[in-house]
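Peer 1: Residues per chain are reported as follows:
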Amino acid sequence: MLRGVNFRDDKDFSGCSIFGMMNVRGEKFNGEPVITAIANMKERSNGLGGGYAVYGIYPQYSELYCFHMMYDDQKAREETEEFLKGVFEMEGAEVIPTRSCEGVDDPPLLWRYFLQPRESVACEEEDIDDFVVRAVMHINVGIEGAFVFSSGKNMGVFKGVGFPEDIGRFYRLEEYEGYIWVAHGRFPTNTQGWWGGAHPFNILDWSVVHNGEISSYGINRRYLEMFGYICTLHTDTEVIAYAVDLLVRRHGLSIEDMARVLAAPLWTEIDRMPARERELHTALRQTYGSLLLNGPFSVIISNRSQMIGLTDRIRLRPLVAGRNGDFMYISSEEAPMHLVDDTLRDTWIPQGGVPIVAEMEETVEVPEAEEAKVLPLRHGDTA
Amino acid sequence: MRIEVDHHAGLPGVFMRVGDKVKINARQLHYRELNNMIKNAALEGTEEIVVDNVYGQRYIGSGIRRPVRIILHGIPGNDLGAFMDGPHIVVDRNAQDGVGNTMNNGTIVVHGRAGDIVAMGMRGGKIFIRDSVGYRAAIHMKEYRKFRPVLVIGGETQDFLGEYMAGGLVIVLGLGGRGKRRFTARHIGTGMHGGLIFMRGEVEEHQLGKEAAVAPADEEDKEIIRPFVEEYAAYFDKDAERILEGDFLKLYAKSHRPFGGLYAY
Numbered sequence: 001m002l003r004g005v006n007f008r009d010d011k012d013f014s015g016c017s018i019f020g021m022m023n024v025r026g027e028k029f030n031g032e033p034v035i036t037a038i039a040n041m042k043e044r045s046n047g048l049g050g051g052y053a054v055y056g057i058y059p060q061y062s063e064l065y066c067f068h069m070m071y072d073d074q075k076a077r078e079e080t081e082e083f084l085k086g087v088f089e090m091e092g093a094e095v096i097p098t099r100s101c102e103g104v105d106d107p108p109l110l111w112r113y114f115l116q117p118r119e120s121v122a123c124e125e126e127d128i129d130d131f132v133v134r135a136v137m138h139i140n141v142g143i144e145g146a147f148v149f150s151s152g153k154n155m156g157v158f159k160g161v162g163f164p165e166d167i168g169r170f171y172r173l174e175e176y177e178g179y180i181w182v183a184h185g186r187f188p189t190n191t192q193g194w195w196g197g198a199h200p201f202n203i204l205d206w207s208v209v210h211n212g213e214i215s216s217y218g219i220n221r222r223y224l225e226m227f228g229y230i231c232t233l234h235t236d237t238e239v240i241a242y243a244v245d246l247l248v249r250r251h252g253l254s255i256e257d258m259a260r261v262l263a264a265p266l267w268t269e270i271d272r273m274p275a276r277e278r279e280l281h282t283a284l285r286q287t288y289g290s291l292l293l294n295g296p297f298s299v300i301i302s303n304r305s306q307m308i309g310l311t312d313r314i315r316l317r318p319l320v321a322g323r324n325g326d327f328m329y330i331s332s333e334e335a336p337m338h339l340v341d342d343t344l345r346d347t348w349i350p351q352g353g354v355p356i357v358a359e360m361e362e363t364v365e366v367p368e369a370e371e372a373k374v375l376p377l378r379h380g381d382t383a
Numbered sequence: 001m002r003i004e005v006d007h008h009a010g011l012p013g014v015f016m017r018v019g020d021k022v023k024i025n026a027r028q029l030h031y032r033e034l035n036n037m038i039k040n041a042a043l044e045g046t047e048e049i050v051v052d053n054v055y056g057q058r059y060i061g062s063g064i065r066r067p068v069r070i071i072l073h074g075i076p077g078n079d080l081g082a083f084m085d086g087p088h089i090v091v092d093r094n095a096q097d098g099v100g101n102t103m104n105n106g107t108i109v110v111h112g113r114a115g116d117i118v119a120m121g122m123r124g125g126k127i128f129i130r131d132s133v134g135y136r137a138a139i140h141m142k143e144y145r146k147f148r149p150v151l152v153i154g155g156e157t158q159d160f161l162g163e164y165m166a167g168g169l170v171i172v173l174g175l176g177g178r179g180k181r182r183f184t185a186r187h188i189g190t191g192m193h194g195g196l197i198f199m200r201g202e203v204e205e206h207q208l209g210k211e212a213a214v215a216p217a218d219e220e221d222k223e224i225i226r227p228f229v230e231e232y233a234a235y236f237d238k239d240a241e242r243i244l245e246g247d248f249l250k251l252y253a254k255s256h257r258p259f260g261g262l263y264a265y
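Protein sequences, first through last, are from chains A and B. One point on numbering: in this note's numbering, the residue at position 303 of the first sequence is 303, and numbering is uninterrupted. One point on numbering: in this note's numbering, the residue at position 16 of the second sequence is 16, and numbering is uninterrupted.
Each hint should be verified, as a subset may be incorrect.
Okay, derived cross-link-like pairs now, EDC-like style, lysine to aspartate or glutamate, Cα gap no bigger than 16 Å in a straight line [unchecked claim]: (1) B:K250 - B:E220; (2) B:K210 - A:E269; (3) A:K42 - B:D131; (4) B:K23 - B:E47; (5) B:K238 - B:D85; (6) B:K180 - B:E202.
Listed below are several chain A residues computed to face chain B (Cβ distance under 7 Å; list not exhaustive) [as the list claims (entries may be wrong)]: (7) E27; (8) F29; (9) N30; (10) E32; (11) P33; (12) N40; (13) S254; (14) R315; (15) P318; (16) E333; (17) E334; (18) A335; (19) H338; (20) L339; (21) I349.
Quick look at which bits of chain B chain A covers, simulated, 3 or more residues with Cβ under 8 Å [what the hints assert, rightly or not]: (22) 69 to 82; (23) 236 to 246.
The set of hints was computed from the structure by calculation and includes no laboratory data. Every residue, glycine too, gets a C-beta built ideally from N, C-alpha and C.
Pulled out of the complex, with its shape left as it was, chain B reads as follows (with noise of 0.2 Å):
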């Protein structure tokens, strides 16, 4: 069987400006050529940029600092919107691993799954994760004053959600299976040291990192999580008020400095 790949669809590289908006077509671009394509029709002051036929292109979005909206058609490569200050992106299919990476503000909403260590080092901003995420979400997120960085995962996470998190808030809600979601991800909140992650449904204490506490959300936790889990719900078309009817389990750190004896004599 002869398997031809279709590398010609529509001409690549194809940038269209249409009123305030820019289209690119990204087929066979490099992430550099599609990056400074992105960059440039931001700095001109480009309300909207659509890029059609993203395959793996890296740092999308990556260091620009104006409020400019990215929609993107296709699976955009690792360190989606790594240190970015201020774009909304909004991706139609799956994510990479590195999604917001080190991000400084603006929104990621992924219509889809993400992979590995997303919202690592993230500082703040907002990502909307419709789907599951892999191993190591958030790990080392931190705050800082009014710098506050949220994550929300609508299913589920695996492995080491909240590795040495510092700071900020990660909402886990669950949806998609039946019943009472049973998380399976282990080690959570490993070295965790600040900020807190909430979780719909049930964890055991084994999944738990040894530095975090749990304890179950009440009401005055679900109001911190509202504006959130709203947002969630209209990006996604879902219901919010039944989301927020579920029960939260709540995790934060149970040291500030968990390591402060190991290596301070």
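Okay, chain A solo, but in the shape it has when bound (with noise of 0.2 Å):
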């Protein structure tokens, strides 16, 4: 259950998988291919976590804040939900529809509730966002055996302790349409593969998922806990989640500069650079040296409208980007973003702590309930 399972795999050495893909325009398409991809490079996990982030999947709620819960037992479900009642209107709560699956054993309870947080509260607030992601840290922090996986607004994080195609099938992801899909599968080599510390991990509409480790964990969480994220999850990924929150939404950073931030240049390349850029560096460098992510990653970070990879400076883990008409594909590999799109030419290996954005590319009507379910019918497509 969510205090962890034990290792079942002697030493494999892989890496973890990471796969995102999305659709420009904003148009939804469903998880099969995304599970077809995480699921072709299978030799990179190792059956002790899965994940998806997905955008755009309950517009019938797109003005809500989604949260998606774990918990041990009903008694963490009765107080979470009693804290949840006091603070948010609570317009719907249910059990995540999920089915049995071979390969995925003893999940949690899992739940999700679409909460607008209550008036009352919200007025003496400078910042609703700060004040949700208040409600999940105390919820992680202070509710024995509820953890919140997934607390942004029309979309979902849905992962658990499996092969990323088997935490797929469970969740009934085909089921699902998105226009950002984000995958991985997980080979923990540091934390114990439990189901809190599969990946993504989510805060608000913010989700990361990672191949490789943080070696600044410690120095990142101290300082993210000043700002008041408290890191609950045992696996360093997290930090990476927190950081970007801060950094961008709360200190209006761009993506380039939070990029500035994570990877940093080496001072030697920063010595060299024109006189501005190297102030900037340097300011960057001086001002949040303490979320300098040290150690080998590529990251994918995602957005409701973005879709960013990454990878540390010296590119220790292999990162390779796709775009074939509106779609774009960051993977670990080259081969899976082929085998769902045959018709890919156009590919594309980044430099090392350089990030590769995909952005919307107009903006996205979110659509009314009812018309989300209408899309063009595609050559082929039966009515």
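Hey, can you piece these two chains together into the complex? The hints should help.
Peer 2: Take a look at the structure:
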């Protein structure tokens, strides 16, 4: 359960797998290609974690925060619901639909809630998002056996212990449609595989999947604590989700500057930069030195309008990107992108520390509840 | 939008023998199944094995000790040709990470790009990549007497080319751009203590690791690389003479034991 499982695999070194697929026009698609792609990199995971973040899945509740919860027991659920009802209007509460699936054992209780902060509470708050972050921290730190693993709007994280393709079937992801899908197959190296420790890690709209290890976890975690982010999930990747929320949402940095903080160039390179660029990098390193991610990593960071690929500055973990028409891909390996899209020809390998940013290419009107289901038929589809 | 992934492009794992040739459909085959088929076909003396629908299967050609031709249609997975000793592998699209890892003999020809750590620890044989490669190409490549590995890269490379390189020959042609190629890779030859790297284009001093020295290649040097540039040109339909007309830089190790003083007292 949430208190963890034991390793059932001996040393069999590999790396995690990450895969992201985005339609930059906001057109939604089902989870089939993403499950196929992540399953194609099975050698990179070992059955101790798999998960997905999907954007655009709850159009009928697009203005509400959706909390995905894992509970050890009913007591944790009751305690959490009591807290939630105190500060949120609860517009919906349901068990997350799952099916029993070979390879996915002992799931915790999985619930989701559609929430609107109560006016009385929200009025006192300067920023509703900050209030929601505090509510997440309150549950994760204060309620025994309860964890929020997704807290964004019109998006959701689905994760657990198992191979990612099994986790995908377990959560019935072929039934969802979204315009950004990000997937992860886990190969835990430093911490145990448990349901909360699977990727993606999420706060508000931000989701992060990660291959590698963050040697600077301790420094990063202590720095983030000063801003109210408390790490409770026993996995280094958690700090990246909170770091991007702090840097981009709260401090207003651009994605490029965020990358300059997380994967800062070496000082020898900063010394060779033109004056203004050198000043910028120096200022960022001085201000946010404690958020530098030390150690090998490749990550996909996503929010409702962007999918961002980034590696450490000397690219100690692989990352490859591709684009075909309206579809952007970011992946640990090249083959799965072609497996799901055999007309893909434009692929490239980014430089270490330089972000790949896939962005919405026109404003997406969040569709109303019923219209969301009406999508143009493709050639070969039957009505 | 409903995206269907075609899992059934032909029957998976179909193995056909036509004279001295074998044809395999690798769709949905795990690398162990595929590599067993390839190995068995090679052991039976097959001259050519053609594999269709390769999508990420690892270790293809690994450990095979016969001069069999293996033609791959698709994107082979990591460690293509690892530890192999004799086969001639042709890839019609891009390759992933670890091409020719610790390979001993044979040839790998990639009609596209390769990922990171191409020719890692390579000990013999030849690798030809038509386009560019990722990080750490030729890391710890080595040579011993007549075993001298060769890596030819048509485009450019990312950082840490020839890191800890101990032997062998790397040739980077810088094709594909306009005018003279200004290479962008950093930390080239960091920790280098043997072997030679030739680069057709310009490299600034700060792009080199502190263990690497650089000098313009002279005519004698060009004769060293000529047969391999000609072989590259033959595979990819290029003009070897025009390539050889360009200005090459030669990178070599300043010392054969750069860390001798660090660990030995």
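Peer 1: Which of the numbered hints are not met once you compare them with the structure shown?
Peer 2: 3, 5, 13 and 23
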